[in-house]
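**Student:** Spelled out, the chains give:
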Amino acid sequence: MRTLPLRHAVAAGAVAFALFPILFVLSAALNPRGTLSSTELVPTGLSLENFGRLLSETRFASWFANTMLIAGLASAAAVFLGALAAYAFSRMRFRGRRTGLLALLLIQMFPQFLAIVTIFLMFSTVTGLWPAVGFNTPWGLVLLYLGGALGVNTWLMKGFLDTLPRELDESATIDGATHAQVFFRIMLPLVAPILAVTGLLVFIATVNEFLIANVFLTDTGSKTLAVGMYGLISGERNNNFGVFCAGTLLTAVPTVLVFQFLQRYIVSGLTAGAVKG
Amino acid sequence: MATQLTSPGPPVVAPDGGRHRPQRPRTARDSAPVTLTGLAAKVVLLGLAAGIAIWAAFPLVEARAWAGLAILAGTTAAIFYLYLTRRHVPAKYLVPGTLFLIAFQVFPILYTASTAFTNFGDGHRGSKDEAIVAIQTASVTQVPGSTEYALAVATTGEPATGPLVFLVTDPATRAVSAGDATGLRALPEGDVTVNSAGKVTAARGYTVLTAAQAGARSAEITAFAVPTAGGAIRSSGLSRAYEGKATREYAAGCDCVRDTATGRTWTADEGAGAFVAADGERLAQGWKVGVGLKNFSRVLTDSTISGPFLRTLLWNVAFAVGSVAVTFGLGLLCAFALHTPRMRGRSLYRVLLILPYAMPSFAMLLVWRDLFNTDFGLVNRLFGLDVDWLGGVWSARLAVVLVQMWLGFPYMFLVATGALQAIPKELTEASKVDGAAPWQSFRQVTLPLLMVALTPLLISSFAFNFNNFNAVYLTTEGGPFPADNPTAGATDLLITYTFRLAFGAAGAQYGFAAAISVFIFAIVALLSAVSFRRTRRQEELYA
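Here the protein sequences come in this chain order: A and B. Take the first sequence: its position 151, counted from the start at 1, is 150 in numbering that gives the first Met the number 0, and no numbers get skipped. Take the second sequence: its position 300, counted from the start at 1, is 299 in numbering that gives the first Met the number 0, and no numbers get skipped.
Hints listed in this document are in silico derivations from the structure and should not be mistaken for laboratory results. Ideal Cβ placement from N, Cα and C applies to all residues, glycine included. Treat the hints with caution; some may be incorrect.
[Stated by the list, open to error] Capping the alpha-carbon separation at 25 Å, the derived lysine to any residue pairs in SDA-like fashion look like this: (1) Lys424(B) x Gly391(B); (2) Lys91(B) x Trp54(B); (3) Lys91(B) x Leu187(A); (4) Lys41(B) x Phe182(A); (5) Lys41(B) x Met91(A); (6) Lys127(B) x Thr259(B); (7) Lys127(B) x Met121(A); (8) Lys91(B) x Ile185(A); (9) Lys91(B) x Ser123(A); (10) Lys424(B) x Pro4(A); (11) Lys91(B) x Lys127(B); (12) Lys41(B) x Arg85(B); (13) Lys424(B) x Ile185(A); (14) Lys91(B) x Pro188(A); (15) Lys424(B) x Leu3(A); (16) Lys244(B) x Arg281(B); (17) Lys424(B) x His7(A); (18) Lys91(B) x Leu101(A); (19) Lys127(B) x Ser123(A); (20) Lys127(B) x Ala228(B); (21) Lys41(B) x Leu187(A); (22) Lys91(B) x His7(A); (23) Lys244(B) x Thr172(B); (24) Lys293(B) x Glu280(B); (25) Lys424(B) x Arg97(A); (26) Lys91(B) x Ala72(B).
[As the list claims (entries may be wrong)] Derived CB-CB ranges, DEER-like: (27) Gly156(B) x Asn237(A): 28 to 36 Å; (28) Arg341(B) x Ala64(A): 44 to 52 Å; (29) Asn237(A) x Asp258(B): 46 to 54 Å; (30) Phe480(B) x Asn237(A): 17 to 25 Å; (31) Thr172(B) x Arg52(A): 45 to 53 Å; (32) Phe260(A) x Val42(B): 32 to 40 Å; (33) Ala60(A) x Thr206(B): 17 to 25 Å; (34) Gly328(B) x Glu235(A): 34 to 42 Å; (35) Leu68(A) x Gly144(B): 55 to 63 Å; (36) Glu129(B) x Ala60(A): 38 to 46 Å; (37) His87(B) x Gln259(A): 37 to 45 Å.
Just chain A, same shape as in the assembly (with noise of 0.2 Å):
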């Protein structure tokens, strides 16, 4: 009992340091003036001033529907890729398998935006070929996004699908099931807590992803946030600060949405025992 108000302080401290640079944000956001001289910590006046500029005078309409249908699929793909890879790394044993998970954290480890100036040369042949999904698509990017699925999101799944118990999908194979009947009816209403935070993660991941989308998509309208608002704030960063917050709150808005929507997925996804019982 007497930690109590210890554990509240400690608690308290926290929140406070989490929050006040998104006050600040708010802020900025509300602020009239719109400049970052004139930002305080507290708002001090309340204008939608920052939010009619940011929709009328940028793209930030095609920027922000661009961004969710990217990450949207990217996210979507990359969790069902991951989940296969995560069965196959979890419950079957076949030549080349510690090979292959050594290989995939290996891979992870090049530092992937460096073979931009491959990717690039790679996709102006595409682009070429199948304009289809070049650049300033976003089908060209979610299959680049797509290359990186494997590999530490799987580990992690893998991780949760070692710790269910093997007899249930054993007792299965030997009641009739083929293997993927025991992936699609048995694995995967399992480890939704799993799926739902991998999804999260690179949902998460994408919506940031700023040099690749850089180079990929250069037409205004083809834009991604990360690189729109990026353009936004380059040149004139003090008087479009409050354009800048106005925006980046609302990008925030669809995280916020989704990790309320996967609270009681989220603490458990990362719980091994939730098979219990």
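Fit chain B to the known structure of chain A by using the hints.
**Tutor:** What follows is chain B alone, placed relative to chain A:
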């Protein structure tokens, strides 16, 4: 129960890999009936694969890319074989992701690694023939009797960044042609609008730049040349162009470039990929050649490179370790603070604590940069300080780690909460019964179990932060820089340092940058391999 925490439990570990195959599931699988839904799904998906392959084949045939077509056909055939046979079950699950991995990760990495052995970069981009064309067109000067054209500068993309195109009108015939680096091409009369002065004002497929837009790119426009049969077309100002003669000519006999005006010659040096004069002067335009291990040895032996490289490496390791340590420390502290059902408002605390993680990090990094602003930054104003945060070496480093702490601790908090909940209550209770003090039970029971579950995550977090480009590029851009070296700043990670080498203002050095990324890869792989070995030992201890 404790085994549930470790990733591979003892029966799964089987160090002999593939040799030891369980017999029972295999026979059961082989006799499993074919289900209707399974069959239907297979038909639909394989049909889709065939459809995509056919769609992709047409452009390849048109471009006569036979090697590409062969790869496409081979891959498609392999996919059909794999999903129609009952054998190779693991491969059925691994192939979809692996295809993407090979095409978009492994291939670019191998290609990049191979450029580490070349001098690829500014001045050494293309083949020798391309270099010769570029040298000749660059030496074009106006001679008496040159044709004068009316010029309109256009682009096929964005006005500020798209590739340049010269739209030139012949003064005699008023015929309009479009010229780019590959040559001149006549445009049909119906596609262009020409004003009374003969200048093109609009053309289908091109964006004609306004005077202001063209002015902003005037340096590029001055350097731009359209090769023609006798020389090249270059601009004089923004609305006139002339066709001039090349003063430098390539002679195949001596494999050299000769300047007809001065008589000076530069002979091709295949080892350096450049034309070199007798006194050692090089022409700026060279070509791409293999240089062996020169890029690698330059990192180690060139003292202007190896010094900054080592300093950057040390700071890089410190940054990665520091970021993981502070995020994990704070995250774990929060998780412990909330880890009791007696605590009121736990779910509210939890929602508020993970908010930084839900904010877009690219934007928040840019905001943090402003929070550390000396004059009107919030950090200085809140605490009444007057620190030039991003201007001092150690304050900038501290700032970068602080920002990482803010961005990263919610994730660690989530992970640690999950791992804490997975530790069976019986264990801590048992240690209490055995007379252990709370601190002792934490040190000897809870923490080791937590570490077993979390070490792989900490290692991958380390690997991520080791190459955390955004964290530095969007806050300090690597600065502050020492006065004598504008390429390696105090907060530079190897990755931002390499980025500056590859794409920086000083000119692109892709080959050298690729060599450094090979070094980065080797270092991270080594560090991770060592820590993974230690993890495995730990697992054996506590499993």
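**Student:** Against each hint, give a clear statement of whether it holds in the structure.
**Tutor:** Status of the hints after comparison with the structure:
1. Lys424(B) x Gly391(B): 49 Å, violated
2. Lys91(B) x Trp54(B): Roughly 24 Å between the alpha carbons, so the hint for Lys91(B) and Trp54(B) holds.
3. Lys91(B) x Leu187(A): 17 Å, holds
4. Lys41(B) x Phe182(A): 15 Å, holds
5. Lys41(B) x Met91(A): 21 Å, holds
6. Lys127(B) x Thr259(B): 21 Å, holds
7. Lys127(B) x Met121(A): 21 Å, holds
8. Lys91(B) x Ile185(A): 18 Å, holds
9. Lys91(B) x Ser123(A): It is violated: about 31 Å lies between the C-alpha atoms, which goes past 25 Å.
10. Lys424(B) x Pro4(A): 23 Å, holds
11. Lys91(B) x Lys127(B): Violated, at about 46 Å.
12. Lys41(B) x Arg85(B): Holds. Lys41(B) to Arg85(B) sits at ~13 Å (cutoff 25 Å).
13. Lys424(B) x Ile185(A): 28 Å, violated
14. Lys91(B) x Pro188(A): At roughly 20 Å apart (the allowed maximum being 25 Å), Pro188(A) and Lys91(B) satisfy the hint.
15. Lys424(B) x Leu3(A): Cα-Cα ~19 Å, so holds.
16. Lys244(B) x Arg281(B): 22 Å, holds
17. Lys424(B) x His7(A): Between Lys424(B) and His7(A) the Cα gap is close to 22 Å, so the pair holds against 25 Å.
18. Lys91(B) x Leu101(A): 20 Å, holds
19. Lys127(B) x Ser123(A): Distance ~21 Å between Lys127(B) and Ser123(A) Cα, so the pair holds.
20. Lys127(B) x Ala228(B): Given pair Lys127(B), Ala228(B) holds - Cα atoms ~19 Å apart, limit 25 Å.
21. Lys41(B) x Leu187(A): 19 Å, holds
22. Lys91(B) x His7(A): 51 Å, violated
23. Lys244(B) x Thr172(B): 22 Å, holds
24. Lys293(B) x Glu280(B): 21 Å, holds
25. Lys424(B) x Arg97(A): Violated, at roughly 34 Å.
26. Lys91(B) x Ala72(B): 19 Å, holds
27. Gly156(B) x Asn237(A): 28 to 36 Å: Since Gly156(B) and Asn237(A) have Cβ atoms about 30 Å apart, the given range 28 to 36 Å holds.
28. Arg341(B) x Ala64(A): 44 to 52 Å: 46 Å, holds
29. Asn237(A) x Asp258(B): 46 to 54 Å: 51 Å, holds
30. Phe480(B) x Asn237(A): 17 to 25 Å: Hint holds: Cβ distance 23 Å, inside 17 to 25 Å.
31. Thr172(B) x Arg52(A): 45 to 53 Å: The hinted range 45 to 53 Å holds for Thr172(B) and Arg52(A), with Cβ atoms some 50 Å apart.
32. Phe260(A) x Val42(B): 32 to 40 Å: Because 35 Å falls inside the window, the suggested range holds.
33. Ala60(A) x Thr206(B): 17 to 25 Å: 23 Å, holds
34. Gly328(B) x Glu235(A): 34 to 42 Å: 38 Å, holds
35. Leu68(A) x Gly144(B): 55 to 63 Å: 58 Å, holds
36. Glu129(B) x Ala60(A): 38 to 46 Å: About 43 Å separates the Cβ atoms of Glu129(B) and Ala60(A), which means 38 to 46 Å holds.
37. His87(B) x Gln259(A): 37 to 45 Å: Taking Cβ atoms as reference, His87(B) and Gln259(A) lie about 43 Å apart, which means the hint holds.
Checked against the numbered hints above, the structure violates hints 1, 9, 11, 13, 22, 25; every other hint is satisfied.
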